[in-house]
Amino acid sequence: MKPPPFSYHDPSSVGEVISLLGELENPKLLAGGQSLMPMLNMRYVMPDHVIDLNKVEGLSYIEENGGTISIGGMTRQRELEYSDVIRAKCPLMYDALLQVGHRQTRNRGTIGGSLSHLDPAAELPTVCAAHDATILVQGPNGEREIPFPDFPVAYMTPATEMDELLTGVKIQAWSDGHGYAFVEFARRHGDFAITSAAAMLEVGGDGGITRASLTVGGVSAAPIRMNEIEQALIGQAGDEEKFRELCESCREIDALGDVYASSEYRQHLATVMSRRALVKAYDRATGKA
Amino acid sequence: MGESRKISLSVNGKTYEEEVEVRFTLADFLRQQLGLTGTHLGCEHGVCGACTILLNGRSARSCLMLAVQADGQEITTIEGIAPSEDEMHPLQEAFRDNHGLQCGFCTPGMLTTLIEFLGDNPDPTEQEVREAISGNLCRCTGYQGIVAAALDAAQRLREANGA
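Top to bottom, those sequences are chains A and B. Heads up, the first sequence is in my numbering, so the first residue is 1 and it goes up one at a time. Heads up, the second sequence is in my numbering, so the first residue is 1 and it goes up one at a time.
For the record, the hints were derived by calculation from the structure and aren't laboratory data. C-beta: ideal position from N, C-alpha, C; glycine also. Take the hints with a grain of salt, since some may be wrong.
To be verified - DEER-style ranges, computed between Cβ atoms:
1. B:Q102 to A:E63: 45 to 53 Å
2. B:R5 to A:E161: 25 to 33 Å
3. A:G58 to B:T37: 34 to 42 Å
4. B:E85 to A:S262: 55 to 63 Å
5. B:T37 to A:A186: 27 to 35 Å
6. B:A160 to A:N141: 52 to 60 Å
Put together the whole structure using the sequences plus the hints.
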């Protein structure tokens with residue numbers, strides 16, 4: 001099992017990457033390689049050119065400024081996992097990262113690679129959906145920003161054009177002390193989740209929820225925000241039975257089915273994962289967990 | 001023979017200058033071109049962990065990297081972890097003493113993974129060890145001996161470092 005023959009390019013600047021994308025026929029961008037390399041080894045993809053992003057300067061950073069967290073596309077999952085900024089300002093991402101693959105794959109895998117690959121069950125796109133992240137993209141006509149809801153256009157298909165490069169992500173931090181939880185159901189630790197749920201809650205002094213975000217991953221073609229549940233959560237206290245009742249609407253998600261899990265099973269898991277995520281997030285927001 | 005490149009890298013402290021086909025994985029390069037067959041290949045798509053090596057001290061799957069990407073980097077394989085020809089690494093000793101291997105196929109990946117992990121976390125819990133090796137499949141031991149060996153090695157390394 002070997003990759004098919006290709007030409008290899010290792011540009012050092014974003015500008016060179018964009019030029020190469022414009023010039024070359026059938027190119028493929030190589031970021032951390034933790035998805036593309038298996039696909040090359042198994043010859044699921046047969047690019048004529050591989051453009052390696054590992055030597056491109058300026059794409060690996062984690063910065064925080066006035067509540068906006070900026071992350072470079074080539075930032076490795078390990079760097080995010082060990083980042084004080086992420087742990088303090090985006091704890092949902094930290095929770096999720098511990099479930100992304102394994103130590104050896106997080107050492108190589110990047111956030112930009114994960115977002116571009118856009119596996120419906122991947123954790124980082126689900127976190128970006130939960131946070132209403134903004135995707136930064138560069139192409140021949142300069143930079144543009146894509147709000148996350150517009151980023152997935154179809155199954156494993158991001159809104160980046162063929163001659164564009166995902167250069168980074170911007171995430172708005174929630175207030176200090178908000179509750180968060182990323183829970184998933186997978187057959188083994190580190191496997192892609194069959195279904196995952198990401199919850200964030202802000203809770204007022206009277207115990208009522210003042211702000212809510214609930215995202216389900218692995219069920220549809222892309223992570224899906226449960227807007228109706230979010231609205232219904234406002235003003236609620238952390239009653240598990242109420243959460244259970246609200247999460248029943250996850251059974252209406254247009255769900256994928258495959259040999260591992262039928263669409264009905266994924267819908268069922270979505271109700272359970274959503275409830276668990278909300279309970280854990282509420283407990284964290286109120287200092288009980 | 002497809003496109004190839006000249007690369008220079010350090011493997012187990014020795015510098016190699018080699019011409020390598022660009023589509024070659026690092027694992028195949030180590031095994032076939034350098035003859036370092038201690039790095040094992042199980043699944044060749046990033047699931048089994050047998051091919052784990054240390055890239056600049058960090059564990060990585062050598063089947064999920066191209067050899068050309070190792071240009072200018074420092075690689076450590078299982079052949080490079082013992083301090084000398086007739087001495088074993090404390091982790092190797094702990095694996096021997098705790099029945100941490102049977103067929104030995106997964107062992108190179110287990111050891112390279114654990115070397116990095118115990119560097120980051122010198123006093124781990126059993127649960128942390130199990131999570132650290134969650135990306136390494138063993139089909140013989142049921143993991144009990146491996147986990148015991150890792151905890152034993154952690155203690156030996158702490159003692160050796162005077163903790």
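Looking back at the hints listed earlier, which ones does the structure fail to meet? Those not satisfied: there are none.
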